[in-house]
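Residue strings, one per chain:
Protein chains: 2
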Amino acid sequence: MDLLEEINKRGSMVDGSIQSLMPIGEPDELYRAMRYLFDAGGKRLRPASLILSTEAVGGDPKNVIPAATAVELVHNFTLIHDDIMDQDNLRRGIPAVHVKWGLSGAILAGDTLYSKSFHILSQNDADAARMVECLTLMSITCTEICEGQWTDINFEKRNDVTEAEYMEMVMKKTAILYAASCKMGAILGGGTPEQAQALWDFGRLTGVGFQIFDDVLDLITPEDVLGKIRGSDLMEGKQTLIAIHARNNNLKLDVFGKRDATREEIDDALEKLKDSGSIDYAQDKALNFVAEGKKKLDILPNSEAKDIMLALADYMIERKF
Amino acid sequence: MDLLEEINKRGSMVDGSIQSLMPIGEPDELYRAMRYLFDAGGKRLRPASLILSTEAVGGDPKNVIPAATAVELVHNFTLIHDDIMDQDNLRRGIPAVHVKWGLSGAILAGDTLYSKSFHILSQNDADAARMVECLTLMSITCTEICEGQWTDINFEKRNDVTEAEYMEMVMKKTAILYAASCKMGAILGGGTPEQAQALWDFGRLTGVGFQIFDDVLDLITPEDVLGKIRGSDLMEGKQTLIAIHARNNNLKLDVFGKRDATREEIDDALEKLKDSGSIDYAQDKALNFVAEGKKKLDILPNSEAKDIMLALADYMIERKF
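Quick note, the sequences are listed as chains A and B, same order. In terms of this note's numbering, the first sequence opens at residue 6 and continues consecutively. In terms of this note's numbering, the second sequence opens at residue 6 and continues consecutively.
What the hints contain is simulated information worked out from the structure, not anything from laboratory work. Values in this document were obtained by computation on a predicted structure and should not be read as measured data. Glycine included, C-beta positions come from ideal geometry on N, C-alpha and C. Heads up, a few of these hints could be off.
In silico DSSO-like cross-links for lysine-lysine, where the CA-CA straight-line distance does not exceed 27 Å [to be verified]:
1) Lys162(A) - Lys105(B)
2) Lys311(A) - Lys277(A)
3) Lys257(A) - Lys299(A)
4) Lys277(B) - Lys243(A)
5) Lys277(A) - Lys243(A)
6) Lys300(A) - Lys243(A)
7) Lys299(B) - Lys105(A)
8) Lys300(A) - Lys311(A)
9) Lys162(A) - Lys67(A)
10) Lys48(B) - Lys162(B)
11) Lys300(B) - Lys311(B)
12) Lys105(A) - Lys14(B)
If the Cβ cut is set under 8 Å, some of the chain A residues that face chain B in the computed set are [said to hold, decoys possible]:
13) Ser25
14) Ile29
15) Pro32
16) Asp33
17) Leu35
18) Ile89
19) Thr117
20) Thr148
21) Thr156
22) Phe160
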């Protein structure tokens with residue numbers, strides 16, 4: 006199985022439908038701002054997870070394209086507003102929405118994507134009870150994403166973040182949209198409540214593992230592969246599981262929060278983090294979360310979709326960047 | 006009938022339920038930012054319109070409190086984000102949310118209110134088909150509010166806005182949330198599709214009339230009643246129906262967009278706008294919209310709620326400020 010080809014096959018179903026589900030309406034410039042990040046690409050992991058979940062419970066992927074599009078648009082909405090808050094001016098190698106359309110334009114493009122996501126989700130063809138379940142799930146999911154972002158922003162002002170707090174933040178900010186995508190795929194695909202719950206857990210656990218592994222990659226990946234300065238999380242003073250483990254083990258890193266740290270200082274910190282076991286600790290956690298997530302799929306019947314989801318979970322902690 | 010007492014009676018049902026529907030959760034500071042404008046008060050015209058619509062179709066107002074709360078929270082969300090975009094630092098006589106919680110805090114407080122509104126609406130007790138109808142209506146409504154705000158912002162850069170463009174902007178930015186409130190009240194109250202449509206039209210038409218009359222009041226109300234400088238819309242160069250009518254009649258106003266205009270210049274412009282018939286034109290339009298809106302209620306059976314709604318419509322164009 007070619008994993009990325011299987012993911013792309015599902016992702017392209019969403020690409021092929023965006024023009025009918027969210028055409029460039031009026032005011033046209035607003036709709037161009039809304040479509041900008043979507044049209045710039047992305048791996049479509051959330052739509053693919055939703056579609057695969059539908060297939061894994063025996064549903065027809067063609068029937069869930071609106072829902073799959075909706076989760077990608079929610080993701081785009083969070084990127085647009087997060088880039089304003091984090092003052093990130095580049096996204097996917099191109100200027101961020103607030104750079105191109107200004108602060109008001111970016112706030113409104115995000116806001117409109119937000120309601121459009123609910124509207125597009127509501128166009129999915131399913132019985133009313135399942136639709137209410139999905140729309141409610143989407144609203145809870147979006148609320149928790151916002152709570153996670155608020156918590157993450159406030160971590161920057163603190164140096165006493167606990168592992169439990171970090172885990173909850175990652176669950177809300179990153180993992181819940183994967184969990185919701187998988188669960189909605191199950192609900193709309195006609196899955197049982199047990200299957201929907203298992204797919205929710207799969208998305209949640211592998212999503213947390215994915216994010217923790219991302220923090221590990223920031224430290225251990227060669228810069229030419231990473232495409233940015235190695236150890237940038239350290240220099241930004243970001244609260245990661247690695248930083249929290251180091252602090253809990255009384256390892257003091259001079260480069261933490263030092264934006265002008267030299268290459269030598271970063272390499273020195275990296276050695277210390279290896280010696281303290283902080284990197285291994287985080288990597289093991291990521292592996293365990295993914296392993297736990299994969300186990301949740303045991304209750305599903307065997308299928309190609311299930312195999313792809315298991316492979317995708319492994320990919321999240323085997324990728325090099 | 007004491008109109009304001011009747012409105013307050015319905016509005017206070019929403020006040021009494023906010024603590025159970027949207028308690029101060031975690032992160033508590035986020036929830037304080039979300040509750041701030043709600044707790045600061047407001048006339049609760051949208052919740053009252055929703056509850057009255059439920060009563061007018063024979064439904065029980067106690068059953069629609071979540072929906073009535075949801076439309077007020079959507080209104081609060083738009084105020085928070087609009088104040089950022091318009092750089093307004095005061096709201097309801099107190100510092101705006103972005104003044105108290107910063108840009109990121111205000112963006113996130115608005116975003117979270119947005120999804121909470123959908124979540125609270127989804128908690129309304131009604132059959133699934135009616136719930137899907139309401140959730141879909143809410144998503145379309147929020148999209149159009151954003152489109153209206155985008156259009157309004159872009160009006161500032163133009164001096165060729167047509168009456169039709171102005172009308173569409175007001176419909177989206179202001180009137181649609183009244184229309185949606187009334188229609189949701191009808192749907193959840195068990196009304197027929199015809200009743201729901203009539204209440205939608207009532208909300209839409211009286212909402213447009215309300216906004217146009219607001220622009221008239223900005224010019225004709227004594228400053229001690231208005232609470233701000235008379236003619237501020239003129240000095241800000243705001244595209245209103247009055248300004249558009251004046252331009253269409255080749256009346257050139259030197260004070261238009263002149264932020265340091267003197268009292269004499271404003272008074273002079275006001276005389277010219279009276280002579281050109283621009284003020285009368287807008288006032289007549291407002292009266293006509295409200296009259297058209299009231300007619301839509303003809304299909305409803307007589308009831309106290311219907312009488313209150315008709316009185317509320319009149320109040321919108323009889324109020325002095």
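Taking the hints in turn, this is what the structure says about them:
1. Of the pairs offered as hints, the one joining Lys162(A) and Lys105(B) holds, with about 17 Å between alpha carbons and a cut-off of 27 Å not exceeded.
2. Our distance criterion of 27 Å between C-alpha atoms is broken by Lys311(A) and Lys277(A), whose separation comes to about 40 Å.
3. The suggested pairing of Lys257(A) with Lys299(A) is violated, with an alpha-carbon distance near 36 Å, which exceeds 27 Å.
4. About 62 Å separates the Cα atoms of Lys277(B) and Lys243(A), which puts this hinted pair outside 27 Å; it is violated.
5. For the hint pairing Lys277(A) with Lys243(A), the CA-to-CA distance comes to about 17 Å; that is within 27 Å, so the pair holds.
6. For a cut-off of 27 Å, the pair hint linking Lys300(A) to Lys243(A) is broken: about 31 Å separates their Cα positions.
7. The suggested pairing of Lys299(B) with Lys105(A) is violated, with an alpha-carbon distance near 45 Å, which exceeds 27 Å.
8. This hinted pair checks out: Lys300(A) and Lys311(A) have alpha carbons roughly 12 Å apart, not beyond 27 Å.
9. Restraint check: the Cα-Cα separation between Lys162(A) and Lys67(A) comes to about 46 Å, which exceeds 27 Å; the hinted pair is violated.
10. Using a Cα cut-off of 27 Å, the hinted pair Lys48(B) and Lys162(B) is violated, with the two alpha carbons roughly 32 Å apart.
11. At most 27 Å may separate the alpha-carbon atoms for a hinted pair to count; Lys300(B) and Lys311(B) meet this at roughly 12 Å.
12. Distance check on the hinted pair: Lys105(A) and Lys14(B) sit about 47 Å apart at the alpha-carbon level, beyond 27 Å; violated.
13. Below 8 Å, beta-carbon pairs count as interface contacts, and Ser25(A) has none with chain B, the closest being about 16 Å; its hint is therefore violated.
14. Interface hint status for Ile29(A): violated, as the beta-carbon distance to the closest one in chain B is roughly 13 Å, over 8 Å.
15. A cut of 8 Å between beta carbons decides the hint on Pro32(A): the least distance to chain B is about 5 Å, and the hint holds.
16. Interface restraint check: Asp33(A) against chain B, minimum CB-CB distance 10 Å, threshold 8 Å, status violated.
17. Given hint, Leu35(A) at the interface with chain B, holds; its Cβ is 5 Å from that chain's nearest Cβ, closer than 8 Å.
18. Checking Ile89(A) against chain B: minimum C-beta separation of about 6 Å stays under 8 Å; hint holds.
19. Checking Thr117(A) against chain B by beta carbon gives a least distance of about 4 Å; that is within 8 Å, so the hint holds.
20. The beta carbon of Thr148(A) comes within 4 Å of a beta carbon in chain B, closer than 8 Å, and the hint placing it at the interface holds.
21. For Thr156(A), the shortest C-beta to C-beta distance to chain B is roughly 6 Å, which falls under 8 Å, so the interface hint holds.
22. The interface hint given for Phe160(A) is broken, as the beta carbon of that residue sits about 11 Å from the closest beta carbon of chain B, more than 8 Å.
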